[in-house]
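Engineer: Spelled out, the chains give:
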Amino acid sequence: MIRSLPKSKKYTISFKIYIALFYIFLFAPLVITCILAFNNSDFPSLPWKGFTLDWFFANDGHRVGLFHDVNNLRSIWVSIKTAFIVSILSLIVGTMGAFLFEQEEFKFKQALYFLTLAPLVIPGVILGISILLASNSVGLFLEEKLGIEAPIFAPGFWLVVLGQFSFITTFVVLVVSARLKKFDRTLEEAALNLGANRFEVIWHITLRYLKPALIGAGSVAFLMSFENFNTTLFLVGSEPTLPINLYLQVRDGSTPVINAISFLMIVFTSTLALINLYFSKKKDD
Amino acid sequence: MKHARLGFYIFLIPVVLWLFLLIVIPHIDLLIMSLKSENDLGELVWSLQNYKNFFVEPVYWFTFVRTAVYSIIVTIITAIIALPVSFYITKVVNPRYSNFLSILLLMPFWVSELVRVYGWMILLRESGVINHFLLKLGILDKPIEFLYNDVSMIMVLVYTSMLFMVVPLISVMESLDDHLIEAAYDLGASTKDIVFKIILPHAKPGLTSGSIVVFMLTLGNYLTPNLIGGKNSLWFTEQIYTQFIASFNWNQGAAFGFLLLLLSSFIIWLGLKITKQNLSKVVQ
Chain V
1 MIRSLPKSKK YTISFKIYIA LFYIFLFAPL VITCILAFNN SDFPSLPWKG FTLDWFFAND
61 GHRVGLFHDV NNLRSIWVSI KTAFIVSILS LIVGTMGAFL FEQEEFKFKQ ALYFLTLAPL
121 VIPGVILGIS ILLASNSVGL FLEEKLGIEA PIFAPGFWLV VLGQFSFITT FVVLVVSARL
181 KKFDRTLEEA ALNLGANRFE VIWHITLRYL KPALIGAGSV AFLMSFENFN TTLFLVGSEP
241 TLPINLYLQV RDGSTPVINA ISFLMIVFTS TLALINLYFS KKKDD
Chain U
1 MKHARLGFYI FLIPVVLWLF LLIVIPHIDL LIMSLKSEND LGELVWSLQN YKNFFVEPVY
61 WFTFVRTAVY SIIVTIITAI IALPVSFYIT KVVNPRYSNF LSILLLMPFW VSELVRVYGW
121 MILLRESGVI NHFLLKLGIL DKPIEFLYND VSMIMVLVYT SMLFMVVPLI SVMESLDDHL
181 IEAAYDLGAS TKDIVFKIIL PHAKPGLTSG SIVVFMLTLG NYLTPNLIGG KNSLWFTEQI
241 YTQFIASFNW NQGAAFGFLL LLLSSFIIWL GLKITKQNLS KVVQ
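In the order they appear, the protein sequences are chains V and U. Taking full-length UniProt numbering, the leading residue of the first sequence gets 1, the next gets one more, and so forth. Taking full-length UniProt numbering, the leading residue of the second sequence gets 1, the next gets one more, and so forth.
These aren't lab readings, by the way, just hints derived from the structure by calculation. Just so it is clear, CB atoms sit at the ideal spot from N, CA and C, and this is done for glycine as well. Fair warning: there could be bad hints in the mix.
Unchecked claim - What the simulated footprint calls covered on chain V by chain U, stretch by stretch (three residues with Cβ under 8 angstroms from a Cβ of chain U suffice, anywhere in the stretch; the number is not a length): (1) 29 to 40; (2) 147 to 155; (3) 219 to 227.
Unchecked claim - Lysine to any residue pairs mimicking SDA-like chemistry, simulated, CA-CA at most 20 angstroms apart: (4) V/K16 to U/L44; (5) V/K7 to U/Y88; (6) U/K192 to V/F15; (7) U/K197 to V/I2; (8) V/K49 to U/K136; (9) V/K10 to U/T191; (10) V/K9 to U/S190; (11) U/K136 to V/P47; (12) V/K9 to U/Y88; (13) V/K107 to U/F20; (14) V/K16 to U/K273; (15) V/K7 to U/F133; (16) U/K91 to V/S8; (17) V/K7 to U/N94; (18) V/K7 to U/I194; (19) V/K181 to U/L12; (20) V/K7 to U/K136; (21) V/K16 to U/V92; (22) V/K145 to U/F100; (23) V/K49 to U/L134; (24) V/K16 to U/N99; (25) V/K145 to U/L44; (26) U/K231 to V/R74; (27) V/K16 to U/F100; (28) V/K10 to U/K136; (29) V/K16 to U/R96; (30) U/K36 to V/V138; (31) U/K273 to V/F15; (32) V/K107 to U/G7; (33) U/K36 to V/G139; (34) U/K91 to V/F279.
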């Protein structure tokens with residue numbers, strides 16, 4: 001059964017096979033995607049026709065590698081911009097939320113906390129369409145009643161940012177709150193007694209203490225934004241983010257360039273995930 | 001004291017703005033939109049027509065029920081696969097490896113869902129990797145299309161949501177005291193009894209929170225049914241997308257969206273009630 005108990009050989013072996021199969025199931029699609037990014041064939045499929053870097057660097061009219069593919073490069077840039085702004089915004093508001101829920105007492109706190117958790121149980125598609133509808137209503141109102149054209153309320157970059165911000169902030173609140181719970185508040189009191197004001201205390205003491213959690217939450221926010229599909233789908237305008245752009249290409253037939261992009265995404269996200277893991281380990285110390 | 005109040009409002013205002021402008025008001029708008037439809041003159045008036053359409057048109061509620069049933073199936077399969085895995089990582093494998101195995105477990109889920117679904121497409125399609133090997137080994141003489149059916153759609157849905165089941169299960173298994181199992185074993189309990197009377201009851205909270213998240217994510221999934229499921233496997237989110245983007249009938253789409261929201265909230269509420277848990281505990 002467990003480590004300390006005797007177990008039959010058959011049990012041990014079949015369990016090991018099961019676990020091996022499970023890990024193959026987990027990694028097979030990713031590994032094969034990466035391998036085929038380097039296959040010297042015009043289709044992302046086997047047989048293996050030799051190693052090539054064409055899908056990254058080629059630009060000879062017949063093959064256009066990722067680094068010469070304007071359309072994909074632009075969507076990567078859009079995604080980076082979006083993720084950067086979303087993670088900054090959600091980090092600021094999420095940290096304020098964490099302070100609010102951990103350190104303040106006020107009426108309706110429970111109700112407000114419940115609302116904060118709501119994005120966790122609202123499907124992304126619904127969040128997307130509801131924000132699309134609301135911003136459309138605002139845009140229409142401004143145009144019809146006040147005669148102001150407000151393209152910012154039409155699907156596009158800023159709407160995507162708002163849509164992603166609306167649920168990623170919840171994750172920031174949860175991550176930062178978890179760390180703030182363990183904070184020793186006597187440190188704050190000591191600083192206050194020594195003449196610091198509330199903001200000096202937060203700036204010099206609490207935020208220093210929260211730093212690992214802030215970095216962790218920031219990288220999670222960046223990844224979530226970078227990868228979001230469901231909410232973004234409804235809010236995207238003429239500048240698609242990378243997942244939306246990839247989706248359109250995959251739907252209409254695929255080329256090994258998609259594998260090259262996937263390979264880079266896998267490398268990039270794994271690195272960010274490991275950084276995040278490193279900081280969350282440090283947090284536990 | 002005045003400073004403290006000021007601090008409080010500086011924290012409160014952004015949070016309240018976020019929650020009301022981006023969560024509460026859009027959902028109220030969604031509800032209002034869903035309750036309006038065009039009359040014969042092309043004006044928007046209050047009506048229940050959109051909801052009536054849903055119940056009158058069989059394809060709509062058929063898709064709705066299908067989505068719900070398939071999401072439940074996906075949740076159950078995910079739980080059955082994840083239980084032994086979490087048990088192995090926390091209780092069976094040499095403790096030296098258990099940390100490594102759990103990190104390895106998390107890695108694929110950091111990668112975009114689109115990339116993961118795309119990986120399965122390369123594996124499963126007619127010209128795909130699995131067909132390539134089956135042909136090479138002489139098991140098949142001509143390739144089979146593994147994509148575009150319900151079985152592969154369910155498999156990929158299980159794949160995409162596995163993390164949200166495994167992680168809570170690992171954390172409940174960690175808190176299970178080995179002595180309980182040892183004692184049961186010494187007293188002559190069978191493996192079956194140990195599993196059903198000790199391990200499963202102990203794992204119940206993790207199982208519930210995992211199930212809720214997996215169910216919700218599957219219900220609201222768009223990518224996998226769309227790319228793997230093919231033409232005949234309808235998913236309710238696709239209906240919403242069609243109403244919004246293809247038919248440009250936002251009022252109908254809003255009604256569908258609201259129905260999906262009601263369904264997912266109802267099931268999650270039911271799950272929490274039955275297992276006597278609350279949302280803030282589950283997400284911790």
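Engineer: Determine for every hint whether it applies to the structure shown.
Structural biologist: A quick look at each hint next to the structure:
| no. | hint | verdict |
| --- | --- | --- |
| 1 | 29 to 40 | holds (count 5) |
| 2 | 147 to 155 | violated (count 0) |
| 3 | 219 to 227 | holds (count 3) |
| 4 | V/K16 to U/L44 | violated, 63 angstroms |
| 5 | V/K7 to U/Y88 | holds, 13 angstroms |
| 6 | U/K192 to V/F15 | holds, 16 angstroms |
| 7 | U/K197 to V/I2 | holds, 16 angstroms |
| 8 | V/K49 to U/K136 | holds, 16 angstroms |
| 9 | V/K10 to U/T191 | holds, 14 angstroms |
| 10 | V/K9 to U/S190 | holds, 17 angstroms |
| 11 | U/K136 to V/P47 | holds, 10 angstroms |
| 12 | V/K9 to U/Y88 | holds, 15 angstroms |
| 13 | V/K107 to U/F20 | holds, 17 angstroms |
| 14 | V/K16 to U/K273 | violated, 37 angstroms |
| 15 | V/K7 to U/F133 | violated, 36 angstroms |
| 16 | U/K91 to V/S8 | holds, 16 angstroms |
| 17 | V/K7 to U/N94 | holds, 14 angstroms |
| 18 | V/K7 to U/I194 | holds, 14 angstroms |
| 19 | V/K181 to U/L12 | holds, 19 angstroms |
| 20 | V/K7 to U/K136 | violated, 39 angstroms |
| 21 | V/K16 to U/V92 | holds, 10 angstroms |
| 22 | V/K145 to U/F100 | violated, 61 angstroms |
| 23 | V/K49 to U/L134 | holds, 19 angstroms |
| 24 | V/K16 to U/N99 | holds, 17 angstroms |
| 25 | V/K145 to U/L44 | holds, 18 angstroms |
| 26 | U/K231 to V/R74 | violated, 31 angstroms |
| 27 | V/K16 to U/F100 | holds, 16 angstroms |
| 28 | V/K10 to U/K136 | violated, 32 angstroms |
| 29 | V/K16 to U/R96 | holds, 16 angstroms |
| 30 | U/K36 to V/V138 | holds, 17 angstroms |
| 31 | U/K273 to V/F15 | violated, 35 angstroms |
| 32 | V/K107 to U/G7 | holds, 16 angstroms |
| 33 | U/K36 to V/G139 | holds, 19 angstroms |
| 34 | U/K91 to V/F279 | violated, 26 angstroms |
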